[in-house]
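K.L.:
Listed here are the chains, written in short residue letters.
Number of protein chains: 2
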Amino acid sequence: MPYFDTASAAPLHPVARQALLAALDEGWADPARLYREGRRARLLLDAAREAAAEAVGCRADELVFTPSGTRALHDGIAGALAGRRRVGRHLTVSAVEHSAVLQSAAALQAAGGAVTEVPVDRTGRVEAGAFAAALRPDTALAALQSANHEVGTEQPVAEVAEACRAAGVPLLVDAAQSLGWGPVADGWSLLTASAHKWGGPSGVGLLAVRKGVRFAAQGPADERESGRAPGFPNLPAIVAAAASLRAVRQEAAAEGARLRGLVDRIRERVPQLVPDVEVVGDPERRLPHLVTFSCLYVDGETLLHALDRAGFSVSSGSSCTSSTLTPSHVLRAMGALSEGNIRVSLPTGTTEEDVERFLEVLPRAVSSVREQLGAPTGATTSAGSASELVLDALGKRCPIPVIELAKVIGDVPVGGLVTVLSDDEAARLDIPAWCGMRGQEYVGERPAERGAAYVVRRRV
Amino acid sequence: MPYFDTASAAPLHPVARQALLAALDEGWADPARLYREGRRARLLLDAAREAAAEAVGCRADELVFTPSGTRALHDGIAGALAGRRRVGRHLTVSAVEHSAVLQSAAALQAAGGAVTEVPVDRTGRVEAGAFAAALRPDTALAALQSANHEVGTEQPVAEVAEACRAAGVPLLVDAAQSLGWGPVADGWSLLTASAHKWGGPSGVGLLAVRKGVRFAAQGPADERESGRAPGFPNLPAIVAAAASLRAVRQEAAAEGARLRGLVDRIRERVPQLVPDVEVVGDPERRLPHLVTFSCLYVDGETLLHALDRAGFSVSSGSSCTSSTLTPSHVLRAMGALSEGNIRVSLPTGTTEEDVERFLEVLPRAVSSVREQLGAPTGATTSAGSASELVLDALGKRCPIPVIELAKVIGDVPVGGLVTVLSDDEAARLDIPAWCGMRGQEYVGERPAERGAAYVVRRRV
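Quick mapping for you: the protein sequence lines, in order, are chains A and B.
Its first residue numbered -5, the first sequence is counted upward by one per residue in the numbering used here.
Its first residue numbered -5, the second sequence is counted upward by one per residue in the numbering used here.
To be clear, the hints were calculated from the coordinates, so they are not data collected in a lab.
Quick caveat, the model's predicted, so the values are computed rather than measured.
C-beta: ideal position from N, C-alpha, C; glycine also.
Heads up, some of the hints might be wrong.
[What the hints assert, rightly or not] With beta-carbon atoms standing in for the labels, derived distance ranges:
no., chain 1, residue 1, chain 2, residue 2, range
1, A, Gly305, B, Gly206, 40 to 48 Å
2, A, Ala377, B, Ala210, 55 to 63 Å
3, A, Arg444, B, Gln212, 31 to 39 Å
4, B, Ala210, A, Thr345, 48 to 56 Å
5, A, Tyr436, B, Gly162, 53 to 61 Å
With these hints in hand, go ahead and build the complete structure from the sequences.
P.N.:
This is the structure:
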């Protein structure tokens, strides 16, 4: 049963499992204690820190272990902002950062600080010049991921780091998705990561802060982890996390190249096998193991369940799979289609056969969902009589508004307008995306009594 | 090799180990995901929450899992204070709470709030009436441990809860040391605990918040754990934590009674076997497995190492074993002797033979440390000629100032004064404690150019 969602959580690496079992016996005591069990625990903790620091490319005393990647980001951002409060209270981030970064930014704004979100291009990549231009004299911190967690696009970290250095702004790099594949380009001031993304256990994140970077840990004081991560350390898990990081790094070059080929195959074949699909993200500058695509006229949750029944575990950035019923902020920032969105992230060891079977199953899964929803097939050929038409899709959820739009577009002549009334958040993203994919013109959006009115001009 | 420091961290319970191994295979995926691995993880998380809630005595939806007991306290206190900010910014705590509570209180004070620390008696127990009197109209929260982590004394939680209820103030109970032994008396509003104290793995704390208690989680928003504990949950460890809590509870009555007998034996025999020892804490209203005593004229760290070499792992609240060179705040609040302090906390399964061997080893260990330090033996018998005497102990660390005091007290006649100049924090606690133990009169303390001047009148 292939599991294709390693970007959420990777199954435990065999080396992690082995290290964890050993550390359960040797490393359960308090490493701050002076007796033999404490000293043994301290030795394990020190060795894990050395190993993790080597993989990160920093000194051991620059790195602390946190309870998760999210906590590393929350506490790292809060500490860096507080450390430079005298400089200002402005934070620069890309628009496609992890929600832990964007929620930290929202907390800063709620507390009276300012945030600039640097937009990304259609592939999800920030432009280094645009990022540099968003640095201000009062910028306390900049944050940029090494690679995107939803679409795999690599960010220009080296150039952005250089711009930050020139501006005297510390750069925090969220390396959660890439650290297992290799170190981050030099030049960062703070770095965060999460062990269960590289096959370590859950409960372990990393926060590295370069010597000389101003940092003031927030919250109540605590002696653990240089005062930067309060609470008893999650020790057996930390040992396992460090051991598996070293193990996956040894396999990274070969396994990365192999998975890159499998992902290339998915990127190439999915649009051939499934009509009306948009493969998103940068085809070259990307994580080796991750690919994301969106399927027109498809309900993401239904597709996800269909793939699950067929034995494939994938995730989705479609609005119907989120608790807030809004599409992924990454797809939104990219302006990509969000309906029928599927992220495939291959764990190490994924076989060619697994991928071939996925490519066999996917077209049937998509077409069955489209049939259930009564999605239109083929191009619009009718002449159309009404010169203008209003489609009331209020109360209908993704992908229904787009399906209904596709069904009525033929009712207006070429040059005619269709106005879609919708209160579904996904419509804002998916109607323009549909226009792009079907050769229609997206005229724009205007406010309406409920939701918004989206105007489309028939072009074909 | 008996490990007698279960109050710091208990070795992993066999049930926890078994549950952890099973959950490593079944519970590594993201419980928020819709595919089968996610659903399996969700089932495990839900079952663990049900089990933990049953042991705590609350509803499952009132309980979240945190990365540690410390984080449960930090986040629980911050959330409860913020939830009642309109009422006021005053916090009432006992003087002997865990440092995570006292550091949260210090953070509140630094942010402009107010804190009342309710003193404890000589046994380390707060008086419920005094606690009630420390509740004010602007008190946002009160916090009281169920039992003390250093001396084992149980606090009058039921009476304090009743007083808090009458005053309309929510009570947070830190149950870290007692939850494995039984549920906390009803009436609490928030409850925290830590799994590695009951034989669960590290990396898991509990925070329960009763329905209806105002709570506003602080820090960046996050969807996990009802928005109260951000970050990917430490799932296999959570499963193991809940399983071992259930297991230790089943053994609690029998094992508690057995360990209580062993601790009674230590409490009775240590003063018989070792001269000049103070056994601290309440002899009756106490945790079953924990006992603490202090040895006059002894360096805590040296004693700890001597016991370690003899095969016994214990902890100490002496100043020389802390990174800040200050004695434990618990011993300070009790006014107990802090030098040569040893905490013994027996893990489940400790045998009578282990305890007997400890009682055999301890007197030799204490006397060897006393010999090394040249500690005085026997009572003061000399007549003394100088009517007043100043002892310069500046720059000398615990227990040297007290040893030197004991050596010179005979140089003044009965009724004469010795003034000890000391800049050692422990002197403030240990000179009065020495006076009490040796029948001398502690006159008081006055400021000095360096440190303080402690005045003692010879009485015997």
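K.L.:
None of the hints should be skipped; say for each whether it holds.
P.N.:
Comparing the hints with the structure gives:
no. : hint                            : in the structure
1   : Gly305/A / Gly206/B: 40 to 48 Å : 45 Å, holds
2   : Ala377/A / Ala210/B: 55 to 63 Å : 60 Å, holds
3   : Arg444/A / Gln212/B: 31 to 39 Å : 35 Å, holds
4   : Ala210/B / Thr345/A: 48 to 56 Å : 49 Å, holds
5   : Tyr436/A / Gly162/B: 53 to 61 Å : 57 Å, holds
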